[in-house]
Amino acid sequence: MPRHEPWNAERASEIIARYRHLKGATLPILHALQERFGCVPEAAVPLVAEALNLSRAEIHGTVTFYHDFRKEPAGRRVLKLCRAESCQAAGGDALAARAESLLGVPMGETTADRRVTLEPVYCLGLCHSSPAAILDNHVHGMLDAAKLDALVKEAQS
Amino acid sequence: MSARIYISRDSGALCVGAEDVATAFRKALEKRGLKAEIVRTGSRGMYWLEPLVEVAAPEGRIGYGPVRTRDVDGLIDAGMLEGKSHPLSIGPVEDYPWLRSQTRLTFKNCGIIDPRSLEDYQAHGGYDGLKKAIAAGPKAIVEEVITSGLRGRGGAGFPTGIKWRTVAETPPQQKYIVCNADEGDSGTFADRMIMEGDPFVLIEGMTIAGIAVGATYGYIYIRSEYPDAITAMEIAVAKAREGGMLGRGIAGSQYKFDMEVRAGAGAYVCGEETSLLDSLEGKRGEVRAKPPLPAHVGLFGQPTVINNVLSLATVPIIMVQGGPFYRDFGMGKSRGTMPIQLAGNIKHGGLYETAFGVTLGALVDEIGGGTRSGRPVRAVQVGGPLGAYFPRELFDTPFDYEAFAARDGLIGHGGVVVFDDTVNMARQARFAMEFCAIESCGKCTPCRIGSARGVELVDKIMAGEAVDENLIVLEDLCNTMKFGSLCALGGFTPYPVMSALNHFPEDFGAKRRRLEAAE
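Taken in sequence, the protein lines are chains A and B. Take the first sequence: its letters are residues 1 to 157, numbered as in this note's numbering. Take the second sequence: its letters are residues 1 to 519, numbered as in this note's numbering.
Calculated directly from the structure, the hints in this document are not laboratory data. The structure displayed is predicted, hence computed values, not measured ones. We treat Cβ as the ideally placed atom computed from N, Cα and C, and that holds for glycine. Heads up, a few of these hints could be off.
What the hints assert, rightly or not - Derived DSBU-like pairs: lysine-lysine, alpha-carbon spacing no greater than 30 Å straight-line:
(1) A:Lys23 to B:Lys283
(2) A:Lys80 to B:Lys443
(3) B:Lys108 to B:Lys132
(4) B:Lys108 to B:Lys84
(5) B:Lys84 to B:Lys35
(6) B:Lys108 to B:Lys131
(7) B:Lys108 to B:Lys283
(8) B:Lys131 to B:Lys256
(9) A:Lys23 to B:Lys290
(10) A:Lys80 to B:Lys283
(11) B:Lys283 to A:Lys71
(12) B:Lys347 to A:Lys147
(13) B:Lys239 to A:Lys23
(14) B:Lys131 to B:Lys35
(15) B:Lys347 to B:Lys84
(16) B:Lys108 to B:Lys139
(17) B:Lys239 to A:Lys153
(18) B:Lys132 to A:Lys80
(19) B:Lys139 to B:Lys290
(20) B:Lys511 to B:Lys482
(21) B:Lys443 to B:Lys283
(22) B:Lys27 to A:Lys153
(23) A:Lys23 to B:Lys256
(24) A:Lys147 to B:Lys27
(25) B:Lys132 to B:Lys333
(26) B:Lys333 to B:Lys482
(27) A:Lys23 to A:Lys71
(28) B:Lys443 to A:Lys23
(29) A:Lys71 to B:Lys443
As the list claims (entries may be wrong) - What follows is a list of derived Cβ distance ranges for each label pair:
(30) A:Glu100 to B:Asn424: 46 to 54 Å
(31) B:Lys347 to A:Ala112: 39 to 47 Å
(32) B:Glu94 to A:Lys71: 46 to 54 Å
(33) A:Glu50 to B:Glu242: 34 to 42 Å
(34) B:Asp365 to A:Ala150: 31 to 39 Å
(35) B:Ile162 to A:Glu10: 46 to 54 Å
(36) B:Asp128 to A:Ala17: 37 to 45 Å
(37) A:Arg114 to B:His296: 45 to 53 Å
(38) B:Glu242 to A:Ala112: 13 to 21 Å
Can you build the whole structure from these sequences, using the hints too?
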């Protein structure tokens, strides 16, 4: 099940038109574009700029400022491991290393088969149950080696 | 008689399998032909007991936890639907010592009510604060909040009522209420918990703020790392609107107030209020120089109240009980209660709301139960990534804005992250600098460049390269960042770095002696 559509300027313009009436519409538009296409490609920048009567430079500046917006789509599943202090205190460093070795990619990269993107995240607000992770939009806490292995397996399947 | 079962939908419960447990109950009940209603609540904040399953009984709700799917049949067999005993039973939840010893004001309904039901919220005293506020009028609301002594729970601790008065005194025009729900500090989850467990209390608080200062529109800016909180707030806002509690003529009054939920995009610095405002406007989340204050020139250039989730969510109870009631809890200039979040390597991780004044040691050793690993506690970071590391020698510090400041620390948003004796404090100092470098908005040099140089310096120190000389440079760099940065990101990063160095010099290979605990 492909989660995202390939880039299509016409579809993008429809999405932009749906949100442009909002005050400060840039972020809602960028989120909606990424939701649809899996990323905010360069080609989207002039479309958003024109719709909001802003310069391309302003939109480019916004897109590149935020960690969330991708230049190209992520893998089919995105596994984010929390790397912040609370999870560090509860063995998160070892789990991160384990995930990297299980998937064969360092943090921030996608496996060669494009199945899984492994990323760090700085806090999921699950610090009471550290170490924590989020697979797509599903949260996981109290991770240990066995639970991480199962999670990685789920991500790969 | 149909039983009623309560299972949390809070993401802290979901992350340990609450959804599967709810499904298992549904199936098991169906198979047995038993009638029971499953109500999805927020969390009580006792996360080591999640998934916590509660059953309504004559003596109150009886709790069972942590429940795994494999426990479900056994629980039902044991008569759990009638509240009977079982090895997983914790008895009447309200009497459970960890909960009973708290003073739950802001979190009074969290874990009890159905966060998706406006009716349930109202049945538990919800919107009583708004009714009082409407009857009292704007001036009296502001006075009540000033009297309560409520200070900004985001970390800065600025008196909420004074902020409101500043906005109320600006000439009538479009004004905004902005809720800062960009809870990015590691070790904190109180905002998330209230949004997922009692979202209407936040909506009510924002509505009261709107009436108080003459604002007709609000935004809740929630970080994108909180998808469940975003969903919970969106549902609640829609229900409040349907129920006539948002929009024109709120609760039958002449007041108008509406709001929307906006998602952040993964920038920690947007938790800084001016950067959050720029982000809401669709720009790069860069920090603004103050003045002008957001109270005068805020969102879209208009007067704006920007408050943390907890500050706003505390307003309804202040309206109901009165400012003096709230003010009478606490110590010194820290009035009321603080929802303290216990995190990291801790046995009893969760949210503990209590009056200011409890000591750090009581929080970590007694309430938190020490480390989950069973090893000795070595360091505790209080107040998020910008908060200081405290050694055991400072465990007598009371939870109070001024007491922490006096010991070169901060309480921030109330997060307490516990580390055991395997921690390397030089690595933690390096991480503080690295995090600042990753998250710096780039506007001011001390933060943008200082943090990058800081990482390099700690690397050299850890490699044993000219340690004492480099420590002098590191200290100097920290001073530059502390006094030269535009906001708390660059300005407070020296707290974890310097506290790690001062309290744990042995981890830096430093020749100098460990400093004595501050008096």
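Indices of hints not satisfied (ascending): Numbers 7, 14, 17, 18, 30, 38, in rising order.
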